[in-house]
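Protein chains in written order, with our numbering: chain V, 1 to 286; chain U, 287 to 596.
Hints may be right or wrong, so weigh each one.
What the hints assert, rightly or not - Straight-line Cα separation of at most 25 angstroms, SDA-like style, residue types lysine to any residue; simulated pairs:
#1 V:Lys-237 x U:Ile-454
#2 V:Lys-237 x V:Thr-112
#3 U:Lys-510 x V:Thr-112
#4 V:Lys-232 x U:Gly-567
#5 V:Lys-237 x U:Lys-510
#6 V:Lys-232 x V:Asn-216
#7 V:Lys-237 x U:Ser-329
#8 V:Lys-237 x U:Gly-439
#9 V:Lys-237 x U:Arg-330
#10 V:Lys-232 x V:Arg-244
#11 V:Lys-237 x U:Asn-333
#12 U:Lys-510 x U:Ile-454
#13 V:Lys-232 x V:Arg-139
Just so you know, the hints here were simulated from the structure itself, not pulled from any lab data. Computed from a predicted model, the values in this text were never measured in an experiment.
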Amino acid sequence: MTPYSHKRATQIEGDLRAARLRLLILRTHAAAGAGHLGSSLSIVEILSALYSSNLHHAAQDSAQGGDRVVLSKGHAALGLYCALAEEGIIPHAALRTFGQNGSELEPHPNETLLPQVAVSTGSLGQGLSIGLGLAHGSRLAGRDEERTAVVLGDGELNEGQPWEAAIAAPRLRLGNLLAVVDANGLQQDGTMEDIMPVNGLADAWAALGWQVHSANGHDYHELLGLFTALRKEDPAKPKLVIARTIKGCGVPFLENAVESHYPPVLDAGEIDLVARMIISAGSDDA
Amino acid sequence: MPEASVYATTLADVGSADPSVFVVDAGLASSMQTGLFHERFPSRYINLGIAEANAVGFASGLARRGFKPIVHSFGNFLARRAHDQVAISVALPCLAITLVGGSCGVFDGRNGPSHLAGDDLATFTALPNFRVYEPADAVDLALALTEAVGSGGPSYLRLRRHGMPTAIGKRDNRGPVRLVCDGGSASRATLVVIGNLLDEVMVTARILADDGIGVDLYHVVRIKPLEIAPILASARRSGRAIVIENHVPSGGGAQAVVAALAPAGLPITTLTLPDAFLPAGDPRWLAAQAGLDATTLTARISAELARGVS
């Protein structure tokens with residue numbers, strides 16, 4: 001495993017909201033006994049900022065209208081469920097069933113069991129195309145203020161379908177579409193670099209017609225500012241935010257570790273240690 | 287401008303009747319005959335280019351915003367290339383999406399195994415929540431497309447590539463299954479034809495009648511869910527069933543009919559495409575290659591009846 005990185009404390013820019021979500025993920029994972037922890041920890045600030053910047057997320061499970069968050073990298077469902085609980089969209093009590101046989105909170109989001117996840121995913125590469133349809137539907141219905149955000153993994157970009165969607169989105173002038181790539185540099189079998197790197201992502205999508213931004217994926221305030229500002233940007237250009245993240249972020253012995261993908265659970269002492277570190281990072285920040 | 291085809295007209299009519307219908311093409315608009323719809327409803331039409339997986343996913347998103355997308359490509363490219371997208375983005379959430387696949391079986395346009403959809407039904411009948419239709423003429427098509435679009439769930443329509451007839455047989459008494467020829471009390475077999483081979487099998491039934499062999503002929507348009515009761519009642523009277531289909535033996539309508547009739551314990555014969563990739567050729571030649579042209583079918587059925595019920 002990768003040893004503790006001295007970069008960590010500066011890369012988690014303290015925010016109570018993200019700190020709570022990170023701890024909730026760790027505790028839910030520990031109670032369940034298993035789960036895709038590393039990917040869930042790398043999207044903590046992304047999810048926190050997305051839900052904070054969404055205007056109409058409460059409608060996620062009901063009407064055809066409203067903002068949508070599509071978790072294309074469905075294996076990070078643990079992170080999504082905890083974010084939905086923190087937002088009050090699902091009850092916290094539901095998290096206790098995560099990992100149990102027959103739970104509505106499956107290892108990958110299943111909208112037929114839990115409509116609040118908005119879109120069923122798990123087979124990688126499918127979410128962005130669905131996002132295009134959602135965004136185009138908002139436009140057709142005359143609801144230009146609605147935004148569809150799709151969270152993708154960098155490993156997921158080895159698939160072909162996201163590239164089909166990346167070609168189509170600028171052509172459809174979907175300025176109400178936001179793609180966020182959780183660029184943690186790892187996939188299940190190893191580093192992106194070792195397995196199949198996706199080089200030049202920013203340049204490639206910019207050349208296709210996307211408005212491309214890069215951000216520290218663990219700086220809640222930077223992401224929130226960017227996601228909010230992008231609502232007012234060019235209405236004819238889809239937006240890509242490449243969020244530089246750390247898989248397993250927040251747990252020193254899991255950070256940037258391939259083993260963080262599906263690790264053993266943390267014991268109570270380890271979670272307590274992580275909690276103290278997160279709190280102290282927050283107070284340093286203040 | 288050439289006269290609009292049966293499919294083009296029917297699609298445009300369905301679009302007129304329901305303003306939430308939205309047509310998605312994947313780079314085969316001219317083959318799939320969506321031009322008239324595009325012309326009439328430009329704001330409810332899009333061609334996403336040669337990218338079937340994206341087209342299916344796009345339809346999934348659009349359906350979640352209250353539209354009823356109809357996605358077009360050749361059957362193989364929907365059934366094979368986009369299967370995982372169809373399963374997870376369409377079938378699982380049970381969205382109101384209709385997939386229309388052209389170039390089915392012997393009615394392919396001489397393009398060979400990449401285009402000739404001979405196993406597409408197996409893929410779609412296997413998916414939970416899916417309705418599967420194979421209309422043979424314009425009357426069936428209008429009913430099937432209207433039912434599919436109005437069902438609120440996912441459907442697959444399997445079309446021939448060219449020359450869908452306006453009407454085969456009577457226009458009334460249509461439905462998921464219909465009795466096309468009534469052999470009466472002397473009926474010696476219940477013929478069941480799935481979808482597009484109807485005109486061929488009607489010729490067969492006529493030749494058999496000329497030879498003094500009466501048969502009941504049923505036509506199945508909706509393969510899933512299958513309505514078996516009238517076929518079963520007929521087969522009990524005639525004593526046997528012979529099922530004919532423009533699809534490989536596995537997973538199509540013939541297999542569904544056999545499974546549904548099995549509890550009755552009657553002798554059943556299936557005459558389908560072989561379990562093989564077929565060579566490229568025109569429909570008439572391909573049907574003969576597969577033993578599914580009227581002449582060969584007549585000979586095969588006569589031989590089957592001569593063997594009697596074992």
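Results for each hint:
no.: 1; hint: V:Lys-237 x U:Ile-454; verdict: violated, 50 angstroms
no.: 2; hint: V:Lys-237 x V:Thr-112; verdict: violated, 32 angstroms
no.: 3; hint: U:Lys-510 x V:Thr-112; verdict: holds, 22 angstroms
no.: 4; hint: V:Lys-232 x U:Gly-567; verdict: violated, 56 angstroms
no.: 5; hint: V:Lys-237 x U:Lys-510; verdict: violated, 42 angstroms
no.: 6; hint: V:Lys-232 x V:Asn-216; verdict: holds, 21 angstroms
no.: 7; hint: V:Lys-237 x U:Ser-329; verdict: holds, 20 angstroms
no.: 8; hint: V:Lys-237 x U:Gly-439; verdict: violated, 32 angstroms
no.: 9; hint: V:Lys-237 x U:Arg-330; verdict: holds, 21 angstroms
no.: 10; hint: V:Lys-232 x V:Arg-244; verdict: holds, 23 angstroms
no.: 11; hint: V:Lys-237 x U:Asn-333; verdict: holds, 19 angstroms
no.: 12; hint: U:Lys-510 x U:Ile-454; verdict: holds, 22 angstroms
no.: 13; hint: V:Lys-232 x V:Arg-139; verdict: holds, 15 angstroms
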